[in-house]
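Protein chains in written order, with the numbering used here: chain C, 1 to 128; chain X, 1001 to 1189.
The set of hints was computed from the structure by calculation and includes no laboratory data. It cannot be assumed that every hint is accurate.
Chain C is faced by these chain X residues, among others (derived, beta-carbon under 8 Å) [unchecked claim]: (1) L1017; (2) A1027; (3) G1031.
Now the in silico label distances, taken between C-beta atoms and shown as ranges [said to hold, decoys possible]: (4) X:G1124 - C:D110: 49 to 55 Å; (5) C:G69 - X:R1187: 43 to 49 Å; (6) X:A1120 - C:P22: 51 to 57 Å.
C-beta atoms are modelled at their ideal positions from N, C-alpha and C, and glycine is treated no differently.
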Amino acid sequence: MEGDARGFRIAVCADALVNPEPGGLDALEVCRRTGFGVMQLPATWYPDDVAAAWLEQVAEQLDEYLRHGYDVVLVTRAGDPAGEQQRVALGAALRAIGHDLPPEHASEGDADALEEFLRSRPVPSAAR
Amino acid sequence: MTDSNPPGVAFVAHCLLNQNSKTDGGARCPGIYSPLVDLLRERGWRIEQMPCPEHAFLGMHRFWLVKDQADTLAFRRHCRRQAKVVAGAIAVHVERGTDVVVIGVEGSPSMGVRITSSSADWGGRPDKGDDDYPLVPGRGIFSEELVAELAERGLGDVRASGIEHQLPDYDEAAEREQISALLEQPRGR
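Make the full structure from the sequences, and use the hints.
Structure below.
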């Protein structure tokens, strides 16, 4: 991919980490530092019909990345019951198209821990 | 519901948070397009990522294309399906009284807001290069479908603009001013 700067790495991030409360972990900033693109999950307080359709579309796009050797990870918020329900729903949407949930980092709010997780990922086969 | 009360919500084109969705040769950075995120963070605006119509429908290995090449009933139905989800999310925020803007990508055959691409000559052997990209005034296909979907829901006054980094003579400072003006513009204009 001459002249193309993509990182071949995607973090599927909980909305609460894309739009953090003041003082909360800003996953966008960590992903930017580590060269990850972000796919945002819907807010856990969205109506079920909106959230379900959103997750289905996330799964469809992830299928394309997973089939082509991009590194995909899931970044969630630890101890978040609504987030856990969403995680289960995303897993079902992915299983329906033949994929498992990607490797996950359940964040306790520590930016360094998230950065360490992202930097520990192997080189994606698409980038080799 | 969240307790946060942002001044507004920006629904942004997918690739602005994930440059991996771009066509080969189009990614300007590894993942996140910083200028827009920086501006929205500074203003305290909430960020919502729209889906990428082209990536989902045509895949990773699609060629560059102009609007005419994608303008089929099937692609429009795909875009409308995605637009319904975005419009549903927009409606949630509008009902809460939160300001909403849409930020697309100018020049894109699907995500253009004021500028898209069009040519009757594009097709067949993929031999077109950067210099030939035919920009024209108008919306991309997803933008058209989103506008139609919002209008059907009585949400026709959502403001929109586009990032211009794909255009010739791109000026980051001018773009920042333009997006700032969009965020500050009174609702309904």
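**OP:** Tell me, in ascending order, the numbers of any earlier hints that this structure violates.
**Re:** none
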